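K.L.:
These are the residues of each chain, in order.
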Amino acid sequence: MKPVKLNVINLEKSEYTGGKSSLCPGCGHDQISNVIIQAAWENGIEPEGIAKMSGIGCSSKTPAYFLSKSHGFNTVHGRMPSVTTGANMVNKSLSFLAVSGDGDTASIGIGQFIHAIRRNLDMVYIIENNGVYGLTKGQYSATVEKGSKKKKGSVNEQAPIDLCAMAVNLGCTFVARSFSGSKKQLTALVKAAMSHRGMAVIDVISPCVTFANNDESYRSYNYVKGNDEVLHILDYIPHFSPLEEVDVPEGEYSEISLFDGSTLRLETVGEEHDPTDAVAALRAIHEGTAEGSHVTGLLYYNPNQPTATDELGLTETPLMALSEEQNRPSKESLEMVNAGFRAK
Amino acid sequence: MSRIINDFTINVATANGTGSQSSNLIILHSMFEMGVPVSGKNLFPSNISGLPTWFIIRVSDKGYQAPGDDTNLQILMNKETWEKDLASLNPGTVVIYNEDAKMPADRDDCICLGMPMTKMARGINPKLARLMANMYYVGGLAHLLGIDEDAIEKCVEQQFRGKEKAIELNIRAISEGRAYAAENWDFDCHFDLEAREKSSDTFLIEGNEAIGLGSIYGGINMLSWYPITPSSSLAESIISWIPKLKEGEDGGVTCAVVQAEDELAAAGMVLGAGWAGGRGMTCTSGPGISLMSEFIGLFYFSEVPGVIWDINRTGPSTGLPTRTQQGDLSMCYEASHGDTQHIVLIPGTVDECFEFGWRSFDYAERFQTLVFGFGDLDLGMNRWSTSGFEYPSEKMDRGKVIRTQDELDAMANFGRYRDVDGDGIAYRTLPGSGLAPILYRGTGHDEDGIYSEDPQVYQATMERLRRKIDGARDVLPAPLLREEPDGDVGIIFYGSMENSIVEIDDILEQSGLSVSTCRVRALPYHSDLEGFIERHERVVVLEINRDGQLYGILRKELPVHLLPKMHSVAYSDGLPPRAREYAERILRVLEGVE
Chain A
1360 MKPVKLNVIN LEKSEYTGGK SSLCPGCGHD QISNVIIQAA WENGIEPEGI
1410 AKMSGIGCSS KTPAYFLSKS HGFNTVHGRM PSVTTGANMV NKSLSFLAVS
1460 GDGDTASIGI GQFIHAIRRN LDMVYIIENN GVYGLTKGQY SATVEKGSKK
1510 KKGSVNEQAP IDLCAMAVNL GCTFVARSFS GSKKQLTALV KAAMSHRGMA
1560 VIDVISPCVT FANNDESYRS YNYVKGNDEV LHILDYIPHF SPLEEVDVPE
1610 GEYSEISLFD GSTLRLETVG EEHDPTDAVA ALRAIHEGTA EGSHVTGLLY
1660 YNPNQPTATD ELGLTETPLM ALSEEQNRPS KESLEMVNAG FRAK
Chain B
49 MSRIINDFTI NVATANGTGS QSSNLIILHS MFEMGVPVSG KNLFPSNISG
99 LPTWFIIRVS DKGYQAPGDD TNLQILMNKE TWEKDLASLN PGTVVIYNED
149 AKMPADRDDC ICLGMPMTKM ARGINPKLAR LMANMYYVGG LAHLLGIDED
199 AIEKCVEQQF RGKEKAIELN IRAISEGRAY AAENWDFDCH FDLEAREKSS
249 DTFLIEGNEA IGLGSIYGGI NMLSWYPITP SSSLAESIIS WIPKLKEGED
299 GGVTCAVVQA EDELAAAGMV LGAGWAGGRG MTCTSGPGIS LMSEFIGLFY
349 FSEVPGVIWD INRTGPSTGL PTRTQQGDLS MCYEASHGDT QHIVLIPGTV
399 DECFEFGWRS FDYAERFQTL VFGFGDLDLG MNRWSTSGFE YPSEKMDRGK
449 VIRTQDELDA MANFGRYRDV DGDGIAYRTL PGSGLAPILY RGTGHDEDGI
499 YSEDPQVYQA TMERLRRKID GARDVLPAPL LREEPDGDVG IIFYGSMENS
549 IVEIDDILEQ SGLSVSTCRV RALPYHSDLE GFIERHERVV VLEINRDGQL
599 YGILRKELPV HLLPKMHSVA YSDGLPPRAR EYAERILRVL EGVE
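Just so you know, the sequences run in chain order A and B. Per my numbering, residue 1360 is the first one in the first sequence, and the count goes up by one each step. Per my numbering, residue 49 is the first one in the second sequence, and the count goes up by one each step.
Treat the hints with care, as some may be off.
[What the hints assert, rightly or not] Here's a subset of chain B near chain A, in silico, CB distances under 7 Å, partners left out:
| # | residue |
| --- | --- |
| 1 | Met270 |
| 2 | Gly300 |
| 3 | Leu319 |
| 4 | Gly320 |
| 5 | Ala324 |
| 6 | Tyr439 |
| 7 | Gly482 |
[As the list claims (entries may be wrong)] Straight-line distance between alpha carbons at most 20 Å, and here's what the computed EDC-like set of lysine to aspartate or glutamate pairs gives:
| # | chain 1 | residue 1 | chain 2 | residue 2 |
| --- | --- | --- | --- | --- |
| 8 | A | Lys1379 | B | Asp494 |
| 9 | B | Lys110 | B | Asp240 |
| 10 | B | Lys613 | B | Asp534 |
| 11 | A | Lys1428 | B | Asp494 |
| 12 | A | Lys1542 | A | Asp1594 |
| 13 | B | Lys613 | B | Glu531 |
| 14 | A | Lys1703 | B | Asp198 |
| 15 | B | Lys110 | B | Glu557 |
| 16 | B | Lys132 | B | Asp118 |
| 17 | A | Lys1690 | B | Glu442 |
| 18 | A | Lys1543 | A | Glu1401 |
| 19 | B | Lys292 | A | Glu1675 |
| 20 | B | Lys292 | A | Glu1694 |
| 21 | A | Lys1505 | A | Glu1650 |
| 22 | A | Lys1690 | B | Asp399 |
| 23 | B | Lys613 | B | Asp536 |
| 24 | B | Lys213 | B | Asp198 |
| 25 | A | Lys1703 | B | Asp399 |
| 26 | B | Lys292 | A | Glu1683 |
| 27 | A | Lys1703 | B | Glu197 |
| 28 | A | Lys1508 | A | Glu1575 |
| 29 | A | Lys1428 | B | Glu455 |
| 30 | A | Lys1703 | B | Asp196 |
| 31 | A | Lys1542 | A | Asp1389 |
| 32 | B | Lys443 | A | Glu1694 |
| 33 | A | Lys1372 | A | Glu1401 |
| 34 | B | Lys443 | A | Glu1684 |
| 35 | B | Lys516 | B | Asp387 |
No lab work stands behind these hints, which were simulated from the structure alone. All figures in this text were calculated on a predicted structure; none of them were measured in a lab. Each residue gets a CB set at the ideal place from its N, CA and C atoms; glycine is no exception.
Using the sequences and the accompanying hints, generate a full structural model.
P.N.:
Structure below.
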């Protein structure tokens, strides 16, 4: 019998899996779900400490397909960030892992997305971005590139909303782009995002096999494979694996220290990309757009920024765990309140 | 002319942003200080500065708090409304006006008393003359009515607390006004104030602040809000009390505050807080509820506790944003698409604002649903008397939450939506606990929370939800009955109508009717209500809206045999209810019935 593989907290991978997917066979989203399972397991995260959040759409169904030991909330279309915010306020010890789509994030929910970034909500926000509305049968979304063409219908003539460029502009503290077909890169990014404290946005190009996997679609599997401009090769080294035991790459590389003590190693491919430089990130995105390519990797990173709960001066205990005595002011205090009004 | 003691209405017409609110509150509070039963209504525009504002002060030994139907003393400061205000007065009204407005005071049938208020104010401080001028009418009024000088000084000190220069200047302005009136007005005013014994316990407070304090004593953990009149002062009162009342042992606070990007987000945050096991709340007005409606359905269907306070203003649409109404009742009760039903708490006094403030969280967690608090601009933003708030009489009710593995193991056949106790309320576990995790959803789900489109599963869920909310009826605050033994007319009313009902009742009794009243304090309605209707020949549902929203709800839910005796009197013009206006409408409807 093959020995069962356990992670650093002695859990089998099966502890991180979920229900059976009801998405179309071959959907990029299922690959992303597998990456999430792999990343959470390898990072040794307690499943019960995670809260899975989503909105509405094909992507937002996926929390049912991973981490069945975690509570989750499949909320309403585009408004998952606000629900996450409320949960975060009363329980800041939860790790929020959110999945959204391009309709959910770039159209109906763009306001909440922006404000979650503005607050630096402590969460991982994965966008499964395929350029179409799947559940309503293939309408273009707001992220689809000008000139791209889905399987049926005319070429899209409207300019896209680039969610990564927008996130960088808003000062999002972790911004990355990847491809559902790039398992290694995506796994490293998801792991790094889980190790980050603050808002980590990963925009993942995820081909829609049913409505937009034709070669004229800029988000088809073949198109992305041929036009993926990789910024760097990524290696994630968890905090529980001593750095010295990890093989050093032959070429040039740089390293990023993450909040939980883990490291993200960035091996230079062509030109070196400095992820702490917002202007460089925007230039890379815009040049890629002009050339019709997708720039993938860690675009921008700005660690040690205060998160949504930091500036509120909250008591240490998560607010949902306070006892009645801690939560309700005393009888004496009300007498003082009344006396104060009477003295007026 | 015979003297009229403690029974008159003062109307102060000024322009918004001229500091008249300070003057008016000084009048109100100094009378209150003398023990005189007094209430004030601020009729203000949706504007920062310049548009007309009226402040109505009702003095009544009978304790009437509705704005009087007629003005007895009129203060004219605002050129914009001057002529209309003057023309509308009854003969014999006492008019105090600012001579420097250079407007006519040509009502020979009224007693018109002028004072060069702006000029005199300029003498004290030229730069502040526009603001200071308002203090002169305080002085004039103090002379006419005999407002106690010490009481005024105390109230000025309260109003400008800590600003010594302002206190000194304003007291001087009021004294000058009083002296001018004594010297120049040859008129012995027949309206008089007589001091009454003031209970040392009583004070005046806005309903919004009372709700805010109640929420704090309810253990609020998260306030999310988006500014909107007339609810903003509710959120701001909570914010102001947090440092004093919600500080944890380590000095950190036990309530998070998020100013949301819009009302949708505010509602979403309350949902998230309730789902995660905290006590979340937001406050808004009608337009905000419209925006929140989608989330409200998710609260109902996924069974997450939360509290939303709706401080009603006049709708529909932007409506009259600074005027009052009971226009959102049916919306709150049935907000969101599909079949829904929500608990609505309806305070009628500031004491109930406080009480329902803390109770709202208990009901929300007990019934695992959204609870609405239903207030309005009149109750929320005007000042009402209380003898002090009472500490919560009951322990917090955190509802059916499984917190340990042992508790979970002890339950046979646990399911998030399985009704094991037969009351429609299932047990829940919290995120982070690792206990029986599920993916909450707004889609159809079975007793285990698993996605389902099964017709029987859906129908059973909806029936259980109905049973659950129905079970709240007799747990929620019962109606308050003031019943005449031989009462042939019963009046059902709610909320801020409480402030006018005694006077309405008196007017009706003067016409020979024997009237009982019943104030509904929550929806779904309590079973006591049916008994009240049974005991009366004719029943009027009285409310401050056009369509008779409570009447509509009752017609839908009451036993059919009670319906023929039910009549609607619904009226709304944006103003707080004047007693005679509503009493006459009731009489007309009853005449039609006879």
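K.L.:
Run every hint past the structure and note whether it holds.
P.N.:
Now the hints, each set against the structure:
Annotation: interface hint on Met270 of chain B holds; nearest CB of chain A at approximately 5 Å, less than 7 Å. At its closest, the beta carbon of Gly300 of chain B sits 3 Å from a beta carbon of chain A; the interface hint therefore holds under the 7 Å criterion. The closest approach between the C-beta of Leu319 of chain B and any C-beta of chain A is roughly 5 Å, which is under the 7 Å cut-off, so the hint is satisfied. For Gly320 of chain B, the suggested interface contact is upheld, since its CB lies about 3 Å from the closest CB of chain A, less than 7 Å.
A distance limit of 7 Å between C-beta atoms decides the matter here; for Ala324 of chain B the minimum to chain A is near 4 Å, and the interface restraint holds. For the restraint placing Tyr439 of chain B at the interface with chain A, the shortest Cβ-Cβ distance is roughly 5 Å, inside the 7 Å limit, so the hint holds. Because the smallest distance between the Cβ of Gly482 of chain B and any Cβ of chain A comes to about 3 Å, under 7 Å, the interface hint for this residue holds. Restraint check: the Cα-Cα separation between Lys1379 of chain A and Asp494 of chain B comes to about 17 Å, which is no more than 20 Å; the hinted pair holds.
With a C-alpha separation of about 15 Å, the suggested pair Lys110 of chain B and Asp240 of chain B falls inside the 20 Å cut-off, and the hint holds. For the suggested pair Lys613 of chain B and Asp534 of chain B, the alpha carbons sit about 17 Å apart, so the restraint of at most 20 Å is met. The hinted pair formed by Lys1428 of chain A and Asp494 of chain B meets the criterion: a straight-line CA distance of about 18 Å does not exceed 20 Å. Taking the CA atoms of Lys1542 of chain A and Asp1594 of chain A, the gap is near 12 Å; set against the 20 Å cutoff, the hint holds.
A distance of roughly 17 Å separates the Cα atoms of Lys613 of chain B and Glu531 of chain B; the hinted pair therefore holds under the 20 Å criterion. Taking the CA atoms of Lys1703 of chain A and Asp198 of chain B, the gap is near 14 Å; set against the 20 Å cutoff, the hint holds. The hinted pair formed by Lys110 of chain B and Glu557 of chain B meets the criterion: a straight-line CA distance of about 15 Å does not exceed 20 Å. Under the criterion of a C-alpha separation no larger than 20 Å, the hint pairing Lys132 of chain B with Asp118 of chain B is consistent with the structure, at around 15 Å.
Proximity of Lys1690 of chain A to Glu442 of chain B is assessed by CA-CA distance (about 12 Å); at most 20 Å being required, the pair is judged to hold. With a C-alpha separation of about 13 Å, the suggested pairing of Lys1543 of chain A with Glu1401 of chain A holds against the 20 Å cut-off. For the hint linking Lys292 of chain B to Glu1675 of chain A, the alpha-carbon distance of about 18 Å falls within 20 Å, and the restraint holds. Our distance criterion of 20 Å between C-alpha atoms is met by Lys292 of chain B and Glu1694 of chain A, whose separation comes to about 13 Å.
Between Lys1505 of chain A and Glu1650 of chain A the alpha-carbon distance is near 12 Å, which keeps this suggested pair within the 20 Å criterion. About 16 Å separates the Cα atoms of Lys1690 of chain A and Asp399 of chain B, which keeps this hinted pair within 20 Å; it holds. Simply put, Lys613 of chain B and Asp536 of chain B have alpha-carbon atoms about 11 Å apart, close enough for the 20 Å limit, and the pair holds. Restraint check for Lys213 of chain B and Asp198 of chain B: the C-alpha separation of about 18 Å stays at or below 20 Å, so the hint holds.
Taking the CA atoms of Lys1703 of chain A and Asp399 of chain B, the gap is near 18 Å; set against the 20 Å cutoff, the hint holds. A C-alpha spacing of about 17 Å is found between Lys292 of chain B and Glu1683 of chain A, which places the hinted pair at or below 20 Å, so the restraint holds. For the suggested pair Lys1703 of chain A and Glu197 of chain B, the alpha carbons sit about 16 Å apart, so the restraint of at most 20 Å is met. Distance check on the hinted pair: Lys1508 of chain A and Glu1575 of chain A sit about 5 Å apart at the alpha-carbon level, within 20 Å; holds.
Proposed proximity of Lys1428 of chain A and Glu455 of chain B is supported: the alpha carbons are some 18 Å apart, at most 20 Å. For the hint pairing Lys1703 of chain A with Asp196 of chain B, the CA-to-CA distance comes to about 17 Å; that is within 20 Å, so the pair holds. Restraint check: the Cα-Cα separation between Lys1542 of chain A and Asp1389 of chain A comes to about 12 Å, which is no more than 20 Å; the hinted pair holds. For the given pair, Lys443 of chain B sits about 18 Å from Glu1694 of chain A by alpha-carbon distance, which is consistent with the 20 Å threshold.
At most 20 Å may separate the alpha-carbon atoms for a hinted pair to count; Lys1372 of chain A and Glu1401 of chain A meet this at roughly 8 Å. Distance restraint check for Lys443 of chain B and Glu1684 of chain A: the Cα-Cα separation of roughly 10 Å lies within the 20 Å cut-off, and the hinted pair is therefore satisfied. Proximity of Lys516 of chain B to Asp387 of chain B is assessed by CA-CA distance (about 14 Å); at most 20 Å being required, the pair is judged to hold.
Of the numbered hints listed earlier, not one is contradicted by the structure.
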